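As a plain string of letters, each chain reads:
Number of protein chains: 2
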Amino acid sequence: MNIPSKHVEDLVEHFASLPGIGRKTALRLVLNLLKRKEEEIESFSKSLGGIKTKICSCKKCGNLSDAEVCSICAQHSRNHKLICVVEDIRDIMAIENTQQYFGVYHVLGGVISPIEGIGPNDLNIIPLLERVNAGEAEEVILALNATMEGDTTNFYLYRKLIDSNITITTLSRGVSVGTELHYTDELTLGRSIVNRTLFDMAPVKR
Amino acid sequence: MNIPSKHVEDLVEHFASLPGIGRKTALRLVLNLLKRKEEEIESFSKSLGGIKTKICSCKKCGNLSDAEVCSICAQHSRNHKLICVVEDIRDIMAIENTQQYFGVYHVLGGVISPIEGIGPNDLNIIPLLERVNAGEAEEVILALNATMEGDTTNFYLYRKLIDSNITITTLSRGVSVGTELHYTDELTLGRSIVNRTLFDMAPVKR
Chain E
3 MNIPSKHVED
13 LVEHFASLPG
23 IGRKTALRLV
33 LNLLKRKEEE
43 IESFSKSLGG
53 IKTKICSCKK
63 CGNLSDAEVC
73 SICAQHSRNH
83 KLICVVEDIR
93 DIMAIENTQQ
103 YFGVYHVLGG
113 VISPIEGIGP
123 NDLNIIPLLE
133 RVNAGEAEEV
143 ILALNATMEG
153 DTTNFYLYRK
163 LIDSNITITT
173 LSRGVSVGTE
183 LHYTDELTLG
193 RSIVNRTLFD
203 MAPVKR
Chain A
3 MNIPSKHVED
13 LVEHFASLPG
23 IGRKTALRLV
33 LNLLKRKEEE
43 IESFSKSLGG
53 IKTKICSCKK
63 CGNLSDAEVC
73 SICAQHSRNH
83 KLICVVEDIR
93 DIMAIENTQQ
103 YFGVYHVLGG
113 VISPIEGIGP
123 NDLNIIPLLE
133 RVNAGEAEEV
143 ILALNATMEG
153 DTTNFYLYRK
163 LIDSNITITT
173 LSRGVSVGTE
183 LHYTDELTLG
193 RSIVNRTLFD
203 MAPVKR
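So the sequence lines, in the order shown, correspond to chains E and A. Just add 2 to wherever you are in the first sequence, counting from 1, and you've got the numbering used here. Just add 2 to wherever you are in the second sequence, counting from 1, and you've got the numbering used here.
Calculated from the structure, these hints are not laboratory results. In this text, all values refer to a predicted model and were calculated from it rather than measured experimentally. One thing to keep in mind: the hints can contain errors.
Just so you know, same-sequence chains aren't split out, so a pair can sit in one copy or run between any two.
Pairs of lysine to aspartate or glutamate residues, derived as EDC-like cross-links and limited to a Cα-Cα distance of at most 16 Å, are as follows [said to hold, decoys possible]:
(1) K56 to E40
(2) K83 to D68
(3) K61 to E132
(4) K39 to E141
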């Protein structure tokens with residue numbers, strides 16, 4: 003595919019470097035942008051150019067933030083003794099959306115993955131241990147993805163935290179809400195029977 | 003979905019305004035960009051900011067171009083008496099990829115679509131008629147998409163060009179190469195029988 007303009011080619015390459023965007027999609031995006039007004043493009047370009055300087059990560063939890071401390075860590079009404087460890091900020095947003103959690107977070111920035119060459123030292127683990135050792139936490143919730151890498155990281159963190167005299171919990175595993183049982187995989191279904199809970203008419207408080 | 007940073011939110015909105023990109027995908031792209039080096043972001047941002055000033059359309063055919071006349075119109079070896087009318091530059095790239103066409107192009111910039119409020123005056127039609135009336139063309143190939151809007155535009159152009167004593171052709175319709183006959187829709191299969199061609203062992207010259 004030969005693009006007749008070097009500048010368009012350049013921009014297509016930039017868009018195509020993003021995850022999930024191929025050259026054809028990138029070209030479609032660029033052609034769409036070419037039809038926009040100049041102000042709009044300028045605002046997009048400025049917004050993009052500023053991300054490295056304007057956006058910082060919260061010095062407490064590692065969440066994205068415009069200030070030194072993120073809006074969650076700055077809320078006094080939250081339980082700062084309860085720390086939920088997540089992989090990235092999308093997990094924070096997902097948990098916040100449930101409106102069921104009122105503690106604070108700690109963003110690891112990834113999970114241990116030997117295949118991708120990510121070890122414990124590449125993650126935001128030491129600041130977590132410092133928070134715990136400083137007596138900041140009473141309970142740490144390990145809320146990493148239910149994948150092999152997530153489980154490995156959960157286990158690593160558990161080993162690091164076990165001596166520090168705090169409660170260590172993890173997300174419950176079980177059948178998803180709205181799922182038909184016969185479509186649930188046997189591992190999940192097995193766990194949900196072993197870890198059955200007392201029947202409760204209103205398990206989710208709104 | 004509440005994004006904890008206003009700047010990230012802004013950039014997500016910009017990405018989500020692109021076709022086929024929703025807010026979740028946009029956030030994934032922005033998080034990916036946040037991990038890049040500053041130089042890379044700056045180059046992306048500059049490339050984006052420059053598209054309105056650096057990229058122009060060829061004054062002859064409307065193709066994207068870095069100069070006044072595009073690389074295709076500037077080639078003397080091409081047959082400038084043969085004009086292929088296409089909807090947008092992606093069609094030029096598709097036809098160029100076949101390596102079967104050696105004429106020049108004319109980009110309409112869209113097709114007539116009453117539903118989207120696009121009439122003949124919104125398209126690059128008058129410059130085409132001027133090129134034809136100036137005696138530039140011997141043959142015009144109407145190569146618009148095989149959709150209702152494309153056919154309508156083909157018909158409109160045909161009516162406008164019919165008096166100008168040039169050959170007006172269109173792309174042949176028929177069974178795609180590599181298709182199984184029983185999967186071909188009846189309209190296409192019907193046309194391919196009516197418009198059958200003499201058997202030729204090498205219909206595509208390479």
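*Checking K56 and E40: alpha-carbon separation at most 16 Å within a copy, between copies, both or neither?*
between (23 Å within a copy, 12 Å between copies)
*asked:* My question is about K61 and E132: at a cut-off of 16 Å on alpha-carbon distance, are they close within one copy, between copies, both, or neither?
replied: So K61 and E132 pass the 16 Å test inside one copy only (13 Å; across, 65 Å).
*When no copy is named, should K39 and E141 be tagged within, between, both, or neither for a Cα gap of at most 16 Å?*
neither (52 Å within a copy, 36 Å between copies)
_Identical-chain pair category, K83 with D68, by Cα at 16 Å_ = neither (24 Å within a copy, 59 Å between copies)
Checked against the numbered hints given earlier, this structure breaks hints 2 and 4; the rest are met.
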